[in-house]
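Based on the sequences and whatever the hints tell you, model everything.
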Amino acid sequence: MLSIQQVCVQYQQKRVLNDITLNFNPGEFVVIIGPNGAGKSSLLRAIAGIVPIVQGGITWCGRSISAFSAQQRAQHIAVVPQTVVMPAGFRVREVVGMARYAFHPWYRSLTHKDNEIVDYALMQSGMREYANIPADQLSGGEQQRVAFARALAQQPHVLLLDETTAHLDLHHQQAILRCARELTHCGVLVIAAMHDINLAASIANHVVLLQHGNVLQSGAPSTVLTQDILQSVYRTELATIARADADIPFFMVQP
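Quick note: the sequence shown uses this note's numbering, first residue 45, plus one each step.
In short, the hints are calculated from the structure, not lab data.
As the structure is a computational prediction, the values presented were derived from the model and not from experiment.
Just to be clear, a hint being listed does not mean it is correct.
[Unchecked claim] Derived Cβ-Cβ restraints for the label pairs, each shown as a range:
id	residue 1	residue 2	range
1	F147	T280	32 to 38 Å
2	Q99	A288	42 to 48 Å
3	D240	G263	50 to 56 Å
4	T280	E138	43 to 49 Å
5	A111	P131	39 to 45 Å
6	I94	H239	16 to 22 Å
7	V297	N249	22 to 28 Å
8	Q275	C52	39 to 45 Å
9	H256	T155	46 to 52 Å
10	P79	A288	41 to 47 Å
11	G263	R107	23 to 29 Å
12	H156	T280	49 to 55 Å
13	T155	Q50	41 to 47 Å
14	P96	Q298	39 to 45 Å
Built from N, CA and C at the ideal position, the CB exists for glycine as well.
Right, here's the structure in full:
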């Protein structure tokens, strides 16, 4: 279990997360939604151990995240950030292969097993044909897919996606989310920050709604993604279209 207990995060004097308490189980697909500045990315960074926690704590399988070394965290948690910067001078395959340094020193060559894992990650992300292209010469969406492949190559127990599909076309957006969903069937906990409410409704089995750094709602999509709650939080009128294949309607902003 990933347990977040009374966590507070602040940047300088600004508090961005207030007393967050959440529990997630392996195999869940959790989507975090909320307006701009609600604290979605900050929560993911806290889970990843990237930002310091000023109060409370986060544990994975009973062990505090803060007790993990950077290498140990990389063996359990992978992050696909919102903004991706590819290292200059490295081909796509080399960038994805860097993920394997979580398991052995950087100066050692990749093993046959490592290369098989890298091949699988490139295939799943649709980047196999780009393997020998310099990563920093790719488009923004392609670089995002490289970052996803690198995260897959870590073989994480927890996969954190920060607006990973925001810059992807519909085909690759669907492919990335399908791959992430398949990982949950293998026991991986996937936590994704999203702005697209309809996408969250279609992929998540647990939704967390943040507002001003607080958990406003947390639970099954059908209980969190309601017209009244969303209109109140996003301060906008929403129209709904009933869907025959789901209990949750399709939401649209009123013109």
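Structure-based check of each hint:
In this structure, F147 and T280 break the distance hint of 32 to 38 Å, their C-beta atoms being roughly 46 Å apart. Taking 42 to 48 Å as the suggested C-beta distance range, the pair Q99 and A288 conforms, at roughly 46 Å. At about 19 Å, the beta-carbon gap between D240 and G263 misses the expected band of 50 to 56 Å. For T280 paired with E138, a C-beta distance near 45 Å keeps the hint of 43 to 49 Å intact.
A beta carbon spacing of about 29 Å between A111 and P131 contradicts the range 39 to 45 Å that was offered as a hint. Distance hint check for I94 and H239: the Cβ-Cβ separation is about 21 Å, which falls inside the suggested range of 16 to 22 Å. In this structure the supplied range 22 to 28 Å holds for V297 paired with N249, their Cβ-Cβ distance being about 25 Å. With their beta carbons about 28 Å apart, Q275 and C52 fall outside the hinted range of 39 to 45 Å.
With their beta carbons about 48 Å apart, H256 and T155 fall inside the hinted range of 46 to 52 Å. The hinted range of 41 to 47 Å is not satisfied by P79 and A288, whose Cβ atoms lie roughly 30 Å apart. As the Cβ distance of G263 to R107 is approximately 26 Å, the hint placing it in 23 to 29 Å holds. Checked against the hint of 49 to 55 Å, the pair H156 and T280 passes, with Cβ atoms roughly 54 Å apart.
Distance hint for T155 and Q50: a CB-CB separation of about 42 Å, consistent with the stated range 41 to 47 Å. At roughly 41 Å, the beta-carbon separation of P96 and Q298 lies within the given 39 to 45 Å, and the hint holds.
Hint compliance for this structure: hints 1, 3, 5, 8 and 10 are broken, all remaining hints hold.
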